[in-house]
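Could you put together the complete structure from these sequences and hints?
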Amino acid sequence: MDLVMHLKQLTMATGLSGYEAGARSVIQQAWQPLADDFRTDALGNLIALKRGTRPAGAATRAVLLAAHMDEIGLMITGYEGAFLRFTRVGGVDLRTILGQEVTVHGRRELAGVVSSRPPHVLSEEERSAPVPADKLFIDVGLTADELPELVQVGDLVSMRRETIELAEGYLSGKAMDDRAGVASLTVCLEELQRLHHEWDVYAVATTQEEVGLKGAMVSAYGTAPTAAIAVDVGFGAQPGVSEEEAIEMDGGPSIAIGPNIHPRLYEALVQVATAHELKYQIEVAPGQTGTDAWAIQVAREGIPSALLSVPLRYMHTSVETLCLRDVQRTGRLMALTISALDEAFVASLTQ
Amino acid sequence: MLLQQLSDARGVSGHELEVRALIAEAVHGLVDEQHTDVLGNLICLRRARRPVQGQALRVMVAAHMDEIGFLATGINKDGTVRFGKVGGIDDRILLSKQVVIGESAVPGVIGYRPIHLLSAKERRSAPDLSHAAIDIGATSKEAAEKLVKLGDQITFRTSFQPLEPGAQRCVKGKALDDRAGCATLVELLGHDYAIDLYAVFTTQEEVGLRGAKVAASAIAPDLAFVLEGTICDDLPKKEDLSHVTELGKGPAITFMDRSFIADRRLVDLLVKTAQAESIPYQFKKAAAGGTDAGAIQLSREGVPAVTVAVPCRNIHAPVSILSLNDLDNTVKLMVAALQRLEGSL
Numbered sequence: 001m002d003l004v005m006h007l008k009q010l011t012m013a014t015g016l017s018g019y020e021a022g023a024r025s026v027i028q029q030a031w032q033p034l035a036d037d038f039r040t041d042a043l044g045n046l047i048a049l050k051r052g053t054r055p056a057g058a059a060t061r062a063v064l065l066a067a068h069m070d071e072i073g074l075m076i077t078g079y080e081g082a083f084l085r086f087t088r089v090g091g092v093d094l095r096t097i098l099g100q101e102v103t104v105h106g107r108r109e110l111a112g113v114v115s116s117r118p119p120h121v122l123s124e125e126e127r128s129a130p131v132p133a134d135k136l137f138i139d140v141g142l143t144a145d146e147l148p149e150l151v152q153v154g155d156l157v158s159m160r161r162e163t164i165e166l167a168e169g170y171l172s173g174k175a176m177d178d179r180a181g182v183a184s185l186t187v188c189l190e191e192l193q194r195l196h197h198e199w200d201v202y203a204v205a206t207t208q209e210e211v212g213l214k215g216a217m218v219s220a221y222g223t224a225p226t227a228a229i230a231v232d233v234g235f236g237a238q239p240g241v242s243e244e245e246a247i248e249m250d251g252g253p254s255i256a257i258g259p260n261i262h263p264r265l266y267e268a269l270v271q272v273a274t275a276h277e278l279k280y281q282i283e284v285a286p287g288q289t290g291t292d293a294w295a296i297q298v299a300r301e302g303i304p305s306a307l308l309s310v311p312l313r314y315m316h317t318s319v320e321t322l323c324l325r326d327v328q329r330t331g332r333l334m335a336l337t338i339s340a341l342d343e344a345f346v347a348s349l350t351q
Numbered sequence: 001m002l003l004q005q006l007s008d009a010r011g012v013s014g015h016e017l018e019v020r021a022l023i024a025e026a027v028h029g030l031v032d033e034q035h036t037d038v039l040g041n042l043i044c045l046r047r048a049r050r051p052v053q054g055q056a057l058r059v060m061v062a063a064h065m066d067e068i069g070f071l072a073t074g075i076n077k078d079g080t081v082r083f084g085k086v087g088g089i090d091d092r093i094l095l096s097k098q099v100v101i102g103e104s105a106v107p108g109v110i111g112y113r114p115i116h117l118l119s120a121k122e123r124r125s126a127p128d129l130s131h132a133a134i135d136i137g138a139t140s141k142e143a144a145e146k147l148v149k150l151g152d153q154i155t156f157r158t159s160f161q162p163l164e165p166g167a168q169r170c171v172k173g174k175a176l177d178d179r180a181g182c183a184t185l186v187e188l189l190g191h192d193y194a195i196d197l198y199a200v201f202t203t204q205e206e207v208g209l210r211g212a213k214v215a216a217s218a219i220a221p222d223l224a225f226v227l228e229g230t231i232c233d234d235l236p237k238k239e240d241l242s243h244v245t246e247l248g249k250g251p252a253i254t255f256m257d258r259s260f261i262a263d264r265r266l267v268d269l270l271v272k273t274a275q276a277e278s279i280p281y282q283f284k285k286a287a288a289g290g291t292d293a294g295a296i297q298l299s300r301e302g303v304p305a306v307t308v309a310v311p312c313r314n315i316h317a318p319v320s321i322l323s324l325n326d327l328d329n330t331v332k333l334m335v336a337a338l339q340r341l342e343g344s345l
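These protein sequence lines are chains W and X, in that order. Residues 1 to 351, numbered by my numbering, are exactly what the first sequence covers, in order. Residues 1 to 345, numbered by my numbering, are exactly what the second sequence covers, in order.
Note that these hints are calculated values from the structure, not bench results. Among the hints, a few may not be true.
[Stated by the list, open to error] BS3-like, lysine-lysine: derived pairs with alpha carbons at most 30 Å apart:
(1) X/Lys77 with W/Lys8
(2) X/Lys285 with X/Lys85
(3) W/Lys279 with X/Lys141
(4) W/Lys135 with X/Lys141
Okay, here's the thing in structure tokens:
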């Protein structure tokens, strides 16, 4: 697999929270040759099953890998003359979308722009404050008469952004959060084609993470795994973000530790990374991780969970930037860990 | 489409080479003389093609080739690139944008702190861009220096595209201020007049009308027209504020802006022409922004001048929008007005 091409396809697909179909079809196509069985559940989660080679008479064990496929965006709330009003879907910083190109998913896909006013007409006072939400509009270049035929209230708006390659194996675009995680699952499934693994693997592209971890909650229930690993993005070091707040770019996935994480699963990941000389870093999460792992951990009767984070700069902007090597390391770490899972590990979970 | 090529071409003030090459090719065969002066202005002459009594009027029509953008001003230890603004840019539009640097078009991005890490107070404030830098993927100063040189031009990474076809025939792209004027001016050269038409594609307008000043001095025109892409601030407003111009309402005739007061005879010529030819027009309804007309007017012993502009939404931003109807009507108005000129004003 060409990881650059894969990530470009993933990130340039559309899949706002609750409306992930566009992203889902791209993912299913990529995973088709890598898994044995597919289903989509009632909340739109794509659940791929790759069966393990279980010794005769052994108990069924499964590991859940979760990465969310939904992305943040906007939604149309009304018209005002020739312009469209909108609200946010997920945590968009409205200050970062002035002059942003968007796609309005109306009756057809319409290219548009979040309007910005020229500096010539702005007072110093106006320029030194954020543009108030009620003065932000989307412009698709149609007249007030033409708009209602093509755009309705509730239509989705995605960021229009070509994913580009930067120097040194870095890639930048929208929706790296968390298509980067999805891509790491693809890497993992590919690695598992060559590795022996006894456990079944559920690779799940989850829905509605950005609006409350909803897809993960129900897909963890649906797959009832023995253990789970969620992959999301973590705050990578960047200009303006101090080292204390961030993990290192190109430093490998961060392996989280804290109440959300089962200590044995954490240890297994660290041990495998160390044994295979895979770069990793440790991230202490003293409480709510804000990731699918938080919902998965308390599904059914409790599921031992771990969290891997791909370092990402400029999270929740349309220029989210990552290092490809971190995505590869994350996928490899999961595959090698899965390959090492056995009954002794299961026993250790409740000791 | 020439406008598409012009919009996609990169040329911040002082770096107009690529734009000039496109225009030089486009005007080939339409002009009797063309040359580039020391400031980079492309000066073209199309002599009178219609009978003239006595000496033909020397009419300068100018459009600027340069666009707003940045220059690379430094490289940080972490491999990011510092930049300085060229022309008037609102800092707040820089967040979350893609840019292209230098001759080899190195891509980069301007990011921002994740919303998750911002305090409530930060979220309510304008972004602090005092330490903003462009991320090109390089992780050290040495690596970045192999890709970027100090003084490299930096432009927004935006591609020209027609929007959904509607009554206004809108297109989006960068630098429509003033590639719209350049495209108009090239069109004007395809028609016959009883004047000597000096079509001047100027440089460095965005940093102080520099190219137009010396071009006018060299040409010594009898009168001048400036073609612009101008402010169109027609978003819904609660207050009773001017839109400056409105999209789809035709070419905007400027009687005054921050740089000059237009010659009334030329304003009247344009208005009368528009009325006689049933071409929609509007006035620029705010004395905001400056144009090459301000420099040309003060050239030598003074030159009567006026500005005609295509309304562009979101000018001085990564992506602007204009109506091709407005562009076509600007061409029509200017052709008709220039054809009415002969002898003297």
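Each hint tested on the structure:
Distance restraint check for X/Lys77 and W/Lys8: the Cα-Cα separation of roughly 29 Å lies within the 30 Å cut-off, and the hinted pair is therefore satisfied. Using a Cα cut-off of 30 Å, the hinted pair X/Lys285 and X/Lys85 holds, with the two alpha carbons roughly 28 Å apart. A threshold of 30 Å between alpha carbons decides the hint, and for W/Lys279 with X/Lys141 the separation of about 23 Å falls inside it, so the pair holds. Distance check on the hinted pair: W/Lys135 and X/Lys141 sit about 40 Å apart at the alpha-carbon level, beyond 30 Å; violated.
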